[in-house]
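Chemist: Sequence:
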Amino acid sequence: MDRTQIENLLANDRLEEVLTLVKNFADKQQDQYLENDAIMLLGRLNSARRDQNMGFVTREQAQITLNQIRNSVLSFVDQCLKSQITMDTILFLGASPKDLAVLRTNEEIQRIQDGIRAATFRDRLNFVSEPAVQISTITNAMQRYQPSIVHFSGHGAGQEGIAVEDANGEEVLFPNAGLDRLFGLFKEQVKCVLLNACYSNVQAEIISRHGIYVIGMDNAVGDDAAIHFSIGFYQSIGEGKDYPFAFDVGCVNGSPYLGTVNPEMWFEGNKIKV
8 MDRTQIENLL ANDRLEEVLT LVKNFADKQQ DQYLENDAIM LLGRLNSARR
58 DQNMGFVTRE QAQITLNQIR NSVLSFVDQC LKSQITMDTI LFLGASPKDL
108 AVLRTNEEIQ RIQDGIRAAT FRDRLNFVSE PAVQISTITN AMQRYQPSIV
158 HFSGHGAGQE GIAVEDANGE EVLFPNAGLD RLFGLFKEQV KCVLLNACYS
208 NVQAEIISRH GIYVIGMDNA VGDDAAIHFS IGFYQSIGEG KDYPFAFDVG
258 CVNGSPYLGT VNPEMWFEGN KIKV
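Counted the way the numbering used here counts, the sequence shown spans residues 8 to 281.
Hints in this document: simulated from the structure, not taken from any laboratory.
Careful, some of the hints might be misleading.
Claimed, not checked - Quick list of in silico lysine-lysine cross-link-like pairs, DSS-like style, CA-CA up to 25 Å:
{"#": "1", "residue 1": "K198", "residue 2": "K248"}
{"#": "2", "residue 1": "K248", "residue 2": "K194"}
{"#": "3", "residue 1": "K280", "residue 2": "K248"}
{"#": "4", "residue 1": "K198", "residue 2": "K105"}
{"#": "5", "residue 1": "K194", "residue 2": "K278"}
Unchecked claim - Cβ-Cβ distance ranges computed for the label pairs, FRET-style:
{"#": "6", "residue 1": "V259", "residue 2": "D121", "range": "51 to 59 Å"}
{"#": "7", "residue 1": "F252", "residue 2": "K194", "range": "36 to 44 Å"}
{"#": "8", "residue 1": "G247", "residue 2": "D85", "range": "22 to 30 Å"}
{"#": "9", "residue 1": "V281", "residue 2": "D85", "range": "23 to 31 Å"}
{"#": "10", "residue 1": "I71", "residue 2": "S143", "range": "35 to 43 Å"}
{"#": "11", "residue 1": "R129", "residue 2": "G62", "range": "44 to 52 Å"}
{"#": "12", "residue 1": "D121", "residue 2": "N74", "range": "39 to 47 Å"}
Please read all numbers here as calculations on a predicted model, not as lab measurements.
Cβ coordinates follow ideal geometry from the N, Cα and C atoms, glycine included.
Let the hints inform the model, and build the full structure from the sequences given.
Modeler: This is how it looks when you write it as structure tokens:
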């Protein structure tokens, strides 16, 4: 959303277009309250103009209502512009193909959300989740949400890639070459990737070559270890810490459950933390 564009529309009394921009922005951010408010104001705006055209109210009475709507629109626009500047989006991608062991991805989502809600800088973080992801789901979500952090919770496929789902909910390989190309496309916006999947350090190295911090696992990782690592990691992100610090807190929080698993942090093709 661009301030100059908004100001030009308001100067020409094009309130419907501004409210449509606000509604679309709210939908993209998954802000249901803001989206509902924008829809409600669109309804009020249409009613006010219809009542004036049909002679139910005078021009002056209609203008009072329009001014009230305009003030509300300005408040919404300020809210949208502020969130654009300060908010980082965390995109959670979950995959638990029905022909593989069931993972507790819903629990992981809930625990991460609970931690973010309790964080000091919770207003700077926008958490969105896509369960049962297919490759097409991932590419669409990356374009739609433009995340700063991408979190994958699912099964690893060792040297070959990660396991996502097909249209029938069964396993399909997202190969290394596809992951490499995907994050090459989004390297300007993605700052960190967390691969909460078994044997995902191979993919971590590949993705990190694009100048992205990437966390992968060097062994099979259980649900408890994955979930508790995530809790610690996002706890620190919510307190404004950098990615290497958050990695260390994740390791501390997951330490009772990690066993022989070593989370690894990679950057620019180099392993920088373990």
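Chemist: Confirm or reject each hint.
Modeler: Here is what the structure says about each hint:
1. K198 / K248: Roughly 13 Å between the alpha carbons, so the hint for K198 and K248 holds.
2. K248 / K194: holds (21 Å)
3. K280 / K248: Given that 25 Å is the threshold and the Cα spacing comes to 16 Å, the pair holds.
4. K198 / K105: Violated: K198 and K105 sit about 31 Å apart, past 25 Å.
5. K194 / K278: holds (18 Å)
6. V259 / D121: 51 to 59 Å: violated (18 Å)
7. F252 / K194: 36 to 44 Å: violated (22 Å)
8. G247 / D85: 22 to 30 Å: Holds - the Cβ-Cβ distance for G247 and D85, about 23 Å, lies within 22 to 30 Å.
9. V281 / D85: 23 to 31 Å: About 45 Å separates the Cβ atoms of V281 and D85, which means 23 to 31 Å is violated.
10. I71 / S143: 35 to 43 Å: The hinted range 35 to 43 Å is violated for I71 and S143, with Cβ atoms some 49 Å apart.
11. R129 / G62: 44 to 52 Å: holds (50 Å)
12. D121 / N74: 39 to 47 Å: holds (42 Å)
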